[in-house]
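Participant: For the sequence shown, position 1 (counting from the first letter as 1) is numbered 1 according to the UniProt record's numbering, and the numbering increases by one without interruption.
I should point out that these hints are in silico values taken from the structure, not numbers from a laboratory. Among the hints, a few may not be true.
Taking CB as the label site, the calculated pair distances span [to be verified]:
id	residue 1	residue 2	range
1	Tyr38	Gln3	48 to 54 Å
2	Val28	Arg7	29 to 35 Å
3	Leu37	Arg5	32 to 38 Å
4	His35	Arg9	47 to 53 Å
5	Arg9	Ser31	29 to 35 Å
6	Gly4	Leu37	48 to 54 Å
7	Ala11	Tyr38	26 to 32 Å
8	Met36	Arg9	29 to 35 Å
9	Gln6	Met36	43 to 49 Å
All C-beta atoms, glycine included, are put in the ideal place defined by N, C-alpha and C.
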Amino acid sequence: MMQGRQRQRRAIIFQKNYALSCSFQGEVLVSLSAHMLYA
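Given the sequences, and given the hints that come with them, work out the whole structure.
Facilitator: So, in structure tokens, the structure goes:
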């Protein structure tokens, strides 16, 4: 019972980290393309 709940929490943490990394990659891509445009 406790094992399942722990696994669920780990999955939620993984999803949060994944969303953070995705948004961070998006920001990096946007800033890179902006540098390319205005260079």
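Participant: Against this structure, judge whether each hint is valid.
Facilitator: These are the hints, each one checked on the structure:
1. Tyr38 <-> Gln3: 48 to 54 Å: 53 Å, holds
2. Val28 <-> Arg7: 29 to 35 Å: Holds, at about 31 Å.
3. Leu37 <-> Arg5: 32 to 38 Å: Because 48 Å falls outside the window, the suggested range is violated.
4. His35 <-> Arg9: 47 to 53 Å: 39 Å, violated
5. Arg9 <-> Ser31: 29 to 35 Å: 33 Å, holds
6. Gly4 <-> Leu37: 48 to 54 Å: Given a distance of about 49 Å, which is inside 48 to 54 Å, the answer is holds.
7. Ala11 <-> Tyr38: 26 to 32 Å: Between Ala11 and Tyr38, where Cβ atoms are some 41 Å apart, the hint is violated.
8. Met36 <-> Arg9: 29 to 35 Å: Since Met36 and Arg9 have Cβ atoms about 41 Å apart, the given range 29 to 35 Å is violated.
9. Gln6 <-> Met36: 43 to 49 Å: Given about 45 Å between the Cβ atoms, the range holds.
Comparing the model with each numbered hint stated earlier shows that hints 3, 4, 7 and 8 do not hold.
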